[in-house]
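Protein chains: 2
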Amino acid sequence: MAEITSYKYRIEPQDVDFTLRASASSIINYMLNVAGTDADNKGFGVASLQDNKYTWVLSRLGVEIYRQAEQYSNIVIDTWVNEFNRLSSTRNFRMRQDDEVLAAGVSQWCVLDMESRQVVDLSIMKERHDEVMVDAPSPISAPARLRPAEHTASSEYTVAYSDIDFNRHMNTLRYVDMIFDAISLDVIENNCGMRIDFNFIAEARYGERLTIAHSHEGNTWLFEISSSEKTLCRAKVEFK
Amino acid sequence: MAEITSYKYRIEPQDVDFTLRASASSIINYMLNVAGTDADNKGFGVASLQDNKYTWVLSRLGVEIYRQAEQYSNIVIDTWVNEFNRLSSTRNFRMRQDDEVLAAGVSQWCVLDMESRQVVDLSIMKERHDEVMVDAPSPISAPARLRPAEHTASSEYTVAYSDIDFNRHMNTLRYVDMIFDAISLDVIENNCGMRIDFNFIAEARYGERLTIAHSHEGNTWLFEISSSEKTLCRAKVEFK
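Sequences listed follow chains A and B, in order.
All residue numbers for the first sequence refer to the working numbering, where the first residue is 4 and numbers rise by one.
All residue numbers for the second sequence refer to the working numbering, where the first residue is 4 and numbers rise by one.
Hint data in this document are derived by calculation from the structure and do not stem from the laboratory.
Treat the numbers as computed from the prediction; the structure is a model and nothing was measured.
Take the hints with a grain of salt, since some may be wrong.
If several chains are the same, the list does not tell them apart, and a pair holds so long as it fits within one copy or across any two.
Under the rule of at most 25 Å between Cα atoms (straight-line distance), these lysine to aspartate or glutamate pairs were calculated in the DMTMM-like manner [what the hints assert, rightly or not]: (1) K45 with E73; (2) K11 with E73; (3) K56 with E73; (4) K11 with D43; (5) K56 with E192.
Just chain A, same shape as in the assembly (with noise of 0.2 Å):
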């Protein structure tokens, strides 16, 4: 068994929104570059994966922020790993501010070969896996499933160059600028906190053109992503 990482950061200027508060877009960047440094620091990042011809994919997240820590603020990442099946492997974050939680995630990531476009059976990094559970409960609910949903409004966007990473997929974090884009500002300014949810189906490949579709009822707002072809990613965001 092993223990609970943690990593420093400082909020920078990039990170905040015009509240000058992080964005929900940059927490869970912070989130996602943690889980990127803390498997490759234990030895099954994508580095190791590579090699192989697989990467990790991540296919759900949970995120509940209860307050948006301010431009310079440094921060704390804790993170563990706390369940892992042939299917997926599930990773927890909590961002802190001194002993203050300001955010915590739980993701869940499987493996795909990138030649067959499969998802891999986990089996065979079990031993590798079982060296660094962390014998810890994930610090709130799964992140939820998704279905479909009649929506009331969209706009249409094309990927370019500044979306892509060297997959050249649409990045994870600009499905949450897409999202949060839609939303009202005032919203967004006078929020007391949020639980986003992400389910991602598949991805957006550069100059493909997407709709983003989206509905909200009170303080619940609700997002499918696609291409022409399909679903590419829903999610669910509600204020508290």
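Following the hints, put chain B in place on chain A, whose structure we already have.
What follows is chain B alone, placed relative to chain A:
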């Protein structure tokens, strides 16, 4: 007279493009962050100006990129102010990896009265400025003055939440993203260095519909970003 001041950074995953090298946008981001931090450290940053309802505004920027640093590289940014007159202050940048110069920049700033929206005579801060001036030349030629041009292609974009800063104006870096999003992916992938010139003329506000017009001849790309009312920004990129 003062000395050149240096700041250390690491190229993070969010800084790299699909080639896993720092994008032009992130290189400029590091330069602008250093400008803000260094001005604050030396007592003439935005924080000191805000009391007087004044703010620093970037009017022109010239950047030459020789090599785009790779992900997780440790870099240093040197910065110094070496020119100052009633209308503008010139701040220089050199991005290094050990002794290799990766990029260089020259930025010209003016001070804006946020109430009257007029440029302020910088004589009011001459004494403070004199103390921070460094006796070293700019590393590259001053930013070019860009004139109106005929453009052959254009796209449209509406300024959204993820684009705006605390003034609810579009962040400077989004202009950089926009122009590079219009350039062919293979030009960006296979470039052997570039020179970028920016003229910032007016600010883009939240919700405003922008037109990004461009044309190119050989290795030179010209851009003009405008709202329905006026030209906001012109830019030129010359690839080597």
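Now the hints, each set against the structure:
1. K45 with E73: between (31 Å within a copy, 22 Å between copies)
2. K11 with E73: both (15 Å within a copy, 22 Å between copies)
3. K56 with E73: This pair counts as between: shortest inter-copy Cα distance 22 Å, intra-copy 40 Å.
4. K11 with D43: both (16 Å within a copy, 23 Å between copies)
5. K56 with E192: between (43 Å within a copy, 23 Å between copies)
Comparing the model with each numbered hint stated earlier shows that all of them hold.
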